[in-house]
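Please model the complete structure; the sequences and the hints are all you need to start from.
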Amino acid sequence: MNSQIFSPSYPKSRMRRLRKSDFVLRMLTESSLSTNNLIFPLFVVEGHKIKEQVSSMPGIYVYSIDEILQIAEKCIELEIPTIALFPVIDSKLKTNNGIESINANGLIPRTVVEIKKRFPELGIMTDVALDPYTIHGQDGILNNNGYVLNDETIEMLTKQSLLHASVGVDIVAPSDMMDGRIGVIRQELEANLYKNTIIMAYSAKYSSAFYGPFRDAIRSTNNLKKGNKNSYQINPSNINEAIREAAADINEGADMLIVKPGMPYLDVLAKIKEKFRMPTFAYQVSGEYSMIKAASLNGWIRNDEIILESLICFRRAGADGILTYFALEAAELLRKSK
Numbered sequence: 001m002n003s004q005i006f007s008p009s010y011p012k013s014r015m016r017r018l019r020k021s022d023f024v025l026r027m028l029t030e031s032s033l034s035t036n037n038l039i040f041p042l043f044v045v046e047g048h049k050i051k052e053q054v055s056s057m058p059g060i061y062v063y064s065i066d067e068i069l070q071i072a073e074k075c076i077e078l079e080i081p082t083i084a085l086f087p088v089i090d091s092k093l094k095t096n097n098g099i100e101s102i103n104a105n106g107l108i109p110r111t112v113v114e115i116k117k118r119f120p121e122l123g124i125m126t127d128v129a130l131d132p133y134t135i136h137g138q139d140g141i142l143n144n145n146g147y148v149l150n151d152e153t154i155e156m157l158t159k160q161s162l163l164h165a166s167v168g169v170d171i172v173a174p175s176d177m178m179d180g181r182i183g184v185i186r187q188e189l190e191a192n193l194y195k196n197t198i199i200m201a202y203s204a205k206y207s208s209a210f211y212g213p214f215r216d217a218i219r220s221t222n223n224l225k226k227g228n229k230n231s232y233q234i235n236p237s238n239i240n241e242a243i244r245e246a247a248a249d250i251n252e253g254a255d256m257l258i259v260k261p262g263m264p265y266l267d268v269l270a271k272i273k274e275k276f277r278m279p280t281f282a283y284q285v286s287g288e289y290s291m292i293k294a295a296s297l298n299g300w301i302r303n304d305e306i307i308l309e310s311l312i313c314f315r316r317a318g319a320d321g322i323l324t325y326f327a328l329e330a331a332e333l334l335r336k337s338k
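According to the UniProt record's numbering, the sequence shown is numbered sequentially starting from 1.
To be clear, the hints were calculated from the coordinates, so they are not data collected in a lab. Treat the hints with care, as some may be off.
Quick list of the computed label-pair ranges, beta carbon to beta carbon [stated by the list, open to error]:
hint : residue 1 : residue 2 : range
1    : Glu274    : Glu152    : 31 to 41 Å
2    : Glu52     : Pro81     : 20 to 30 Å
3    : Asp66     : Leu224    : 27 to 37 Å
4    : Ser31     : Gly59     : 20 to 30 Å
5    : Asp151    : Asn298    : 40 to 50 Å
6    : Pro236    : Pro81     : 23 to 33 Å
7    : Glu121    : Phe6      : 42 to 52 Å
Don't be surprised by glycine CBs; every beta carbon is placed ideally from N, CA and C.
Structure (structure tokens):
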């Protein structure tokens, strides 16, 4: 028999025999989805008793620390193992170099401390990047021509990573796409005895139009204005470049990888997973969430079914887990299906 897939011809083979009964469908399911595969991204802001809906993301909110504790408790109840924190920074604290990102008494360190105090079993992942903290909305420090400086930015990212590790963050996730930052961060984590801090590298982060609602949430849209991130995020046309980025991050000490955005880049996800066999995650980003949610609210698609179908697509393509704003809804649906 040659290497090609062999299948007898019709009528010897009737593929629909294997789709006739529910018990057969269940036995032959190739990809599965559970709450263990979910990471819930959360937006946190200064204040008390704040729960503000993100206008471009129906059902998603910006929370103050006291309110986010309730969401953390809900995640534990629904058996969602990990949350990812993203800060919404007051414009008065934003600077050219994002210095607020390394404030030991800043928003993210205090949020982590409060969550870990109440729910030590909940995994916490934090974004390592400067765009929430800069007045220009870029992920790094700019030179006089507006170009993002690589090595100077890495210095700030490394300090940010060490700060997060020091307050108990389980997973630091550099999302900036600076060259060489994983190696420097890993080296400094080791040197400062944070040997068990996991690095989840945004290895294949594309310069995508799907991030708009996220920028609304962290209030960086007006900062970025008509600018773009083409000088450091990957061209949406390219896949070999993404594979090279993933290889570099693995070589530098990344423990996990992220492909971002999600569904439009399932081919990238599948190739990276197949090539490296590393723990690989996908980020179902804000634009994906908002399109699905808007269509479901208009009655054009069935909300519950499409949420689960979209998430199983990631699993089929090789994702070990998915960062998704549907995490709570998906967990509730999975609970009902048991």
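Evaluated hints:
1. About 36 Å separates the C-beta atoms of Glu274 and Glu152, a value consistent with the hinted range of 31 to 41 Å.
2. A beta carbon spacing of about 26 Å between Glu52 and Pro81 agrees with the range 20 to 30 Å that was offered as a hint.
3. Taken as a hint, the range 27 to 37 Å holds for the pair Asp66 and Leu224, whose Cβ atoms sit roughly 30 Å apart.
4. The hint said 20 to 30 Å for the Cβ distance between Ser31 and Gly59, and at roughly 26 Å that hint holds.
5. Here the CB-CB span from Asp151 to Asn298 is close to 48 Å, well matched to the stated 40 to 50 Å.
6. Separation of Pro236 from Pro81 is about 31 Å and conforms to the stated range, judged on CB atoms against 23 to 33 Å.
7. A beta carbon spacing of about 48 Å between Glu121 and Phe6 agrees with the range 42 to 52 Å that was offered as a hint.
Checked against the numbered hints given earlier, this structure breaks none of them.
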